[in-house]
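My request is simple: use the sequences and hints to build the entire structure.
The listed protein sequences correspond, in order, to chains W and A.
Going left to right, the first sequence walks through residues 1 to 365 as this note's numbering numbers them.
Going left to right, the second sequence walks through residues 366 to 998 as this note's numbering numbers them.
These are computed hints drawn from the structure, not numbers from a lab.
A few of these clues could be false.
EDC-like mimics (lysine to aspartate or glutamate), calculated; alpha carbons at most 16 Å apart, straight line [claimed, not checked]:
no.: 1; chain 1: A; residue 1: Lys985; chain 2: W; residue 2: Glu170
no.: 2; chain 1: A; residue 1: Lys510; chain 2: A; residue 2: Glu532
no.: 3; chain 1: W; residue 1: Lys101; chain 2: A; residue 2: Asp578
Which stretches of chain A does chain W cover? Using the computed rule of at least three CB atoms under 8 Å from a CB of chain W, they are [claimed, not checked]:
no.: 4; region: 532–541
no.: 5; region: 567–577
no.: 6; region: 847–859
no.: 7; region: 954–965
no.: 8; region: 989–996
A few chain W positions that, by computed beta-carbon distances, are all more than 12 Å from chain A [what the hints assert, rightly or not]:
no.: 9; residue: Asp51
no.: 10; residue: Asp100
no.: 11; residue: Gly120
no.: 12; residue: Gln227
no.: 13; residue: Thr326
no.: 14; residue: Phe344
Idealized CB from N, CA, C, for every residue including glycine.
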Amino acid sequence: MKKLCTIALLLVAGTTAFAVPPASAAPRVPVPPTMPRYRFENFTTANGLPDNHVFAVLVDGDRIWAATENGLALYENRVWKTYTTKDGLAHRAVLSLALDKRTGDVWAGTMAGLSRISGGRIDSYTQLNSGLSNDVVYGVSVEGENVWVATAAGGCRLNTRTGQWALYNERNTPMVEIWTYGVAATPTKVYYAVWGSGVLEYDQKTGRWDKYDDPDGENEIVLFKDQGLIHEIVTSVSYVDNILWAATYFGDSRYDGRYWHNFLTKDSGLPSNFTNYIKGVDAKSAWFCTDKGLAYYDGVNWAVYRTSLKDGKPEMTVRDAEAKVTPVAVTTAPAHNYVLGIDFQGADIWVATAKGLSHGIREKQ
Amino acid sequence: MRAGAAAGFALLAAGLSATALTFFSVALWTGSPVHADEHRGSVEDVDYASPLEVLLSPDGARLYVLCQQSQEVRVLDAASYAVIKNIAVGRVPRGISLSPDGARLFVTNSWDDTLSIIDTNALVVVATWPVGAEPSSVVEDRQGKRLFIANRISNDVAVLDAQTGAEEKRLLAGRGSSYLALSPDGTKLYATHVYPNASPHRTAPESEITVIDVARAVVVDRIPLHGIAGVFHMAFSGDGRLGVVAEYHPKNLVPLAHLEHGGAFEDTLTVFGADVGKTVEVPLDELECYASQPFGVAIAPDKSRIYVTSGGSEIVTVVDVPRMLRFIHAHNGPFVQDLSASANYVVARIAVGLNPRGLTLTRDGRRLFVANRLDDTISLIDTRTNRVTSTITLAGPKTITALRHGEQTFYTARYSFQGQIGCANCHIDSSFDGIQWNLEPDGFGRSIVDNKLLEGVKDTEPYKWTGTNPNIPTECGPRTEKYFWRSENYDNLTLADLTVYVRSIAPRPNRWRLAGGELTPPQERGQAIFERSVDKFKKPIPEYNRCSYCHSGPKGTNQKIVDVGTRKPTDNTGLLKAPPLTNIALTAPYLHDGSARSLEEIWTVYNPEDKHGRTNDLTKDELNDLIEYLRTR
Numbered sequence: 001m002k003k004l005c006t007i008a009l010l011l012v013a014g015t016t017a018f019a020v021p022p023a024s025a026a027p028r029v030p031v032p033p034t035m036p037r038y039r040f041e042n043f044t045t046a047n048g049l050p051d052n053h054v055f056a057v058l059v060d061g062d063r064i065w066a067a068t069e070n071g072l073a074l075y076e077n078r079v080w081k082t083y084t085t086k087d088g089l090a091h092r093a094v095l096s097l098a099l100d101k102r103t104g105d106v107w108a109g110t111m112a113g114l115s116r117i118s119g120g121r122i123d124s125y126t127q128l129n130s131g132l133s134n135d136v137v138y139g140v141s142v143e144g145e146n147v148w149v150a151t152a153a154g155g156c157r158l159n160t161r162t163g164q165w166a167l168y169n170e171r172n173t174p175m176v177e178i179w180t181y182g183v184a185a186t187p188t189k190v191y192y193a194v195w196g197s198g199v200l201e202y203d204q205k206t207g208r209w210d211k212y213d214d215p216d217g218e219n220e221i222v223l224f225k226d227q228g229l230i231h232e233i234v235t236s237v238s239y240v241d242n243i244l245w246a247a248t249y250f251g252d253s254r255y256d257g258r259y260w261h262n263f264l265t266k267d268s269g270l271p272s273n274f275t276n277y278i279k280g281v282d283a284k285s286a287w288f289c290t291d292k293g294l295a296y297y298d299g300v301n302w303a304v305y306r307t308s309l310k311d312g313k314p315e316m317t318v319r320d321a322e323a324k325v326t327p328v329a330v331t332t333a334p335a336h337n338y339v340l341g342i343d344f345q346g347a348d349i350w351v352a353t354a355k356g357l358s359h360g361i362r363e364k365q
Numbered sequence: 366m367r368a369g370a371a372a373g374f375a376l377l378a379a380g381l382s383a384t385a386l387t388f389f390s391v392a393l394w395t396g397s398p399v400h401a402d403e404h405r406g407s408v409e410d411v412d413y414a415s416p417l418e419v420l421l422s423p424d425g426a427r428l429y430v431l432c433q434q435s436q437e438v439r440v441l442d443a444a445s446y447a448v449i450k451n452i453a454v455g456r457v458p459r460g461i462s463l464s465p466d467g468a469r470l471f472v473t474n475s476w477d478d479t480l481s482i483i484d485t486n487a488l489v490v491v492a493t494w495p496v497g498a499e500p501s502s503v504v505e506d507r508q509g510k511r512l513f514i515a516n517r518i519s520n521d522v523a524v525l526d527a528q529t530g531a532e533e534k535r536l537l538a539g540r541g542s543s544y545l546a547l548s549p550d551g552t553k554l555y556a557t558h559v560y561p562n563a564s565p566h567r568t569a570p571e572s573e574i575t576v577i578d579v580a581r582a583v584v585v586d587r588i589p590l591h592g593i594a595g596v597f598h599m600a601f602s603g604d605g606r607l608g609v610v611a612e613y614h615p616k617n618l619v620p621l622a623h624l625e626h627g628g629a630f631e632d633t634l635t636v637f638g639a640d641v642g643k644t645v646e647v648p649l650d651e652l653e654c655y656a657s658q659p660f661g662v663a664i665a666p667d668k669s670r671i672y673v674t675s676g677g678s679e680i681v682t683v684v685d686v687p688r689m690l691r692f693i694h695a696h697n698g699p700f701v702q703d704l705s706a707s708a709n710y711v712v713a714r715i716a717v718g719l720n721p722r723g724l725t726l727t728r729d730g731r732r733l734f735v736a737n738r739l740d741d742t743i744s745l746i747d748t749r750t751n752r753v754t755s756t757i758t759l760a761g762p763k764t765i766t767a768l769r770h771g772e773q774t775f776y777t778a779r780y781s782f783q784g785q786i787g788c789a790n791c792h793i794d795s796s797f798d799g800i801q802w803n804l805e806p807d808g809f810g811r812s813i814v815d816n817k818l819l820e821g822v823k824d825t826e827p828y829k830w831t832g833t834n835p836n837i838p839t840e841c842g843p844r845t846e847k848y849f850w851r852s853e854n855y856d857n858l859t860l861a862d863l864t865v866y867v868r869s870i871a872p873r874p875n876r877w878r879l880a881g882g883e884l885t886p887p888q889e890r891g892q893a894i895f896e897r898s899v900d901k902f903k904k905p906i907p908e909y910n911r912c913s914y915c916h917s918g919p920k921g922t923n924q925k926i927v928d929v930g931t932r933k934p935t936d937n938t939g940l941l942k943a944p945p946l947t948n949i950a951l952t953a954p955y956l957h958d959g960s961a962r963s964l965e966e967i968w969t970v971y972n973p974e975d976k977h978g979r980t981n982d983l984t985k986d987e988l989n990d991l992i993e994y995l996r997t998r
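Put into structure tokens, the structure is as follows:
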């Protein structure tokens with residue numbers, strides 16, 4: 001619900017920003033070679049999506065799954081098909097998606113339970129008919145035979161082989177708040193993004209939990225940069241190449257197991273500190289889905305893809321290591337600046353936004 | 366002569382009156398130690414072969430017979446039927462298949478969760494691999510890269526490395542995943558399942574054929590089987606254009622009251638593929654000729670015939686494929702309940718042995734071997750004449766014990782009106798079927814009941830959900846005869862033998878309990894909740910409202926009649942017998958009417974007043990722990 005309310009507020013803000021008079025056309029300059037450029041094709045209810053509020057997107061080969069407020073949409077062979085509660089989906093509002101790459105099964109977190117889509121069959125788990133701790137499923141991640149779930153009442157792990165559920169909450173982890181907002185599971189570590197309680201880490205080998213908090217507590221002041229996690233209100237986590245990427249509503253963090261590095265608009269190319277979703281590509285690069293556009297960081301440079309806050313036109317900017325921002329001429333942008341999710345299809349990207357789904361087709365540079 | 370009958374004749378020969386004979390039978394029912402032990406003594410010493418499946422070697426020279434009770438593969442010369450070798454395998458073997466080159470024979474051992482691999486040159490078991498829970502069928506891909514195994518308990522198909530046995534992953538299949546078949550081109554694997562998938566209460570059962578892409582080892586489709594509960598073997602035509610599956614179509618949404626009108630089950634095939642154009646359910650039954658408990662299926666190499674075994678009717682049904690296809694294409698809409706339909710395409714019903722199961726055709730399609738599980742024979746059918754030309758008797762005991770006769774009685778459909786159904790229709794493989802029934806004695810539309818597990822049913826009387834049947838003979842005798850069979854009664858000795866068999870049905874191994882019997886930490890916490898006498902607020906829980914009171918003892922029942930607040934408007938009473946907890950994890954849905962789709966729903970939905978145990982003080986974690994413990998029972 002919080003996510004939905006935030007979307008509504010930001011939509012109003014975004015609309016106001018579009019009213020700014022257009023600026024003069026940006027000059028063409030060379031793009032740093034590592035910063036990708038895309039042509040965005042956007043999908044809305046006008047061309048097949050069941051709803052324009054797209055909370056997450058998942059790529060499975062040639063198939064694209066879109067988690068919308070009004071069903072789970074599948075794009076295959078250039079046709080959209082929508083799964084609803086009539087098909088067994090736990091709820092029409094789908095908030096999160098995960099793919100079991102081994103089996104091809106898709107797991108969908110919804111506002112009223114967790115659904116497993118397997119070969120066209122949908123089985124749904126709720127807090128009443130299963131061991132799921134809460135019906136509001138904000139995040140889901142698959143690792144081996146385990147499905148890790150982030151709910152409004154703590155985390156869960158379903159062992160798909162035994163059917164056993166394990167619940168994680170304030171009684172058996174260092175979690176202070178139990179509002180888990182995202183989860184990233186890997187064979188070695190599992191991370192939970194906890195809304196108001198930092199990042200929880202589970203070591204798969206030892207079975208022990210650890211916790212990372214904002215050293216400044218709940219103060220909205222960063223006394224020392226890179227001292228620790230940027231903020232307690234964590235919305236998303238990603239773990240790749242032994243690097244933790246964490247998104248908050250007040251900036252983002254990267255943690256290599258020893259050092260933290262934080263990203264704020266004032267000292268990075270991040271378009272907004274309000275980050276809904278983060279996805280690491282590797283140890284040095286990541287994508288940031290914010291309320292003011294989509295950003296890519298390659299470890300040195302930043303690229304931002306959005307509709308201009310000044311003139312409402314498609315915009316791409318590149319910020320280099322010297323903080324020099326260079327506009328790049330583009331003709332398309334993601335469907336909306338309020339970005340909620342991203343996934344990769346080869347060199348292309350798919351972007352979930354508050355007003356449609358976007359296919360970013362990588363352009364030759 | 367069977368042992369029970371022998372005892373009866375002995376009594377008559379001794380000049381005892383009919384009254385005395387009746388007393389003898391009743392004494393058996395009530396567990397009289399003298400007579401019951403006479404039967405059981407003969408039972409325990411006898412290992413029948415019980416052939417379940419048959420398979421020909423690729424060159425047609427050998428016949429492999431999977432013998433479930435003697436737990437071995439018997440290798441016969443396919444021409445002389447002489448025994449070449451008997452090879453011991455694991456407990457309760459269920460599935461058998463050959464590698465594509467015929468060099469390896471695979472056997473799934475359903476009770477010890479292993480796969481036996483037999484070298485067909487040396488005819489020895491060269492490896493035994495641990496696999497999933499209750500492995501029931503196995504298939505190797507054409508490349509010899511992967512093995513696929515259907516696991517009945519975990520409802521999945523496991524994917525294994527064919528050379529090492531290392532499990533790669535599990536694919537979600539239907540509930541009670543049991544039988545596999547590879548498409549002729551080897552690209553698709555099809556899986557069936559014996560219990561219906563979860564569906565809303567009091568709706569038609571739903572089953573599926575799970576379609577797996579072999580190269581990717583992922584599920585790519587699920588062919589829906591509406592109204593079906595109990596799906597068994599599949600077969601494909603050589604050109605891959607016709608698929609067929611044997612299945613049960615229960616009529617469980619209407620009162621089980623009109624067997625004379627074909628009112629309990631349809632015995633059907635579902636056919637699919639390019640020749641059919643869509644998925645079509647095809648009935649095998651006609652008046653006075655039912656094909657009860659269809660199980661094995663084969664298609665002739667020239668695609669002219671489909672052969673189907675029916676375990677209850679003890680026949681092989683022969684379907685003329687071209688006539689069946691013409692009929693299907695000429696009739697739009699479902700005709701599954703049309704008892705005149707099968708006359709258009711069924712060309713023969715061949716009587717074979719008792720409880721025929723697996724079958725296999727020679728490569729030229731001239732001869733059909735049928736495994737008759739309950740009389741230890743193989744029927745050999747000449748497919749040109751549709752006659753049994755010989756019956757191969759497997760080595761083993763010739764005396765029919767009371768237990769064996771009881772099992773034969775359990776599976777046969779001969780006692781019901783026109784031979785429509787047997788006990789095993791609802792108690793698949795002597796267990797349960799996962800569906801709910803409306804039985805006539807309670808009134809039409811009244812007292813819907815979930816079918817119960819028979820495993821470990823001994824000494825848990827009274828029976829029925831309401832506990833109104835005092836013992837097994839009453840449950841299996843007058844009640845069954847009057848309300849189910851609507852035909853002839855069992856004679857007293859047959860009922861006694863049936864009772865002996867039902868009492869002997871052992872629980873399958875519990876897969877949630879660790880080896881050695883110890884409990885995991887969540888199970889231990891759950892056990893403490895199960896046995897607690899005070900709630901979380903330190904308030905005493907009355908004895909009658911503790912889990913461990915009603916569900917006491919090794920089988921989890923104190924055998925008392927109680928009201929746990931689960932009465933529905935359609936129920937005649939809220940008083941129910943505390944059911945045993947034996948293998949409770951397997952038997953969803955729950956409660957007397959099957960309204961709770963999962964163990965969780967017993968308490969999250971149907972226990973608002975804490976009458977079914979004090980549980981509303983529990984957190985979700987604690988309820989999960991309780992359920993983890995229950996799964997070990």
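Verification of the hints:
1. A/Lys985 x W/Glu170: Since the Cα atoms of lysine 985 of chain A and glutamate 170 of chain W sit roughly 13 Å apart, the hinted pair holds (cutoff 16 Å).
2. A/Lys510 x A/Glu532: Status holds; Cα separation ~12 Å.
3. W/Lys101 x A/Asp578: Holds, at roughly 14 Å.
4. 532–541: holds (count 5)
5. 567–577: Coverage by chain W holds for the region 567–577 of chain A (3 residues, Cβ < 8 Å).
6. 847–859: violated (count 0)
7. 954–965: Satisfied; 3 residues make the cut.
8. 989–996: The restraint on the region 989–996 of chain A holds, since 3 of its residues have a Cβ under 8 Å from chain W and three suffice.
9. Asp51: holds (26 Å)
10. Asp100: violated (9 Å)
11. Gly120: violated (5 Å)
12. Gln227: holds (35 Å)
13. Thr326: holds (44 Å)
14. Phe344: holds (20 Å)
Figure legend: structure checked against the earlier numbered hints; hints not met, in rising order: 6, 10 and 11.
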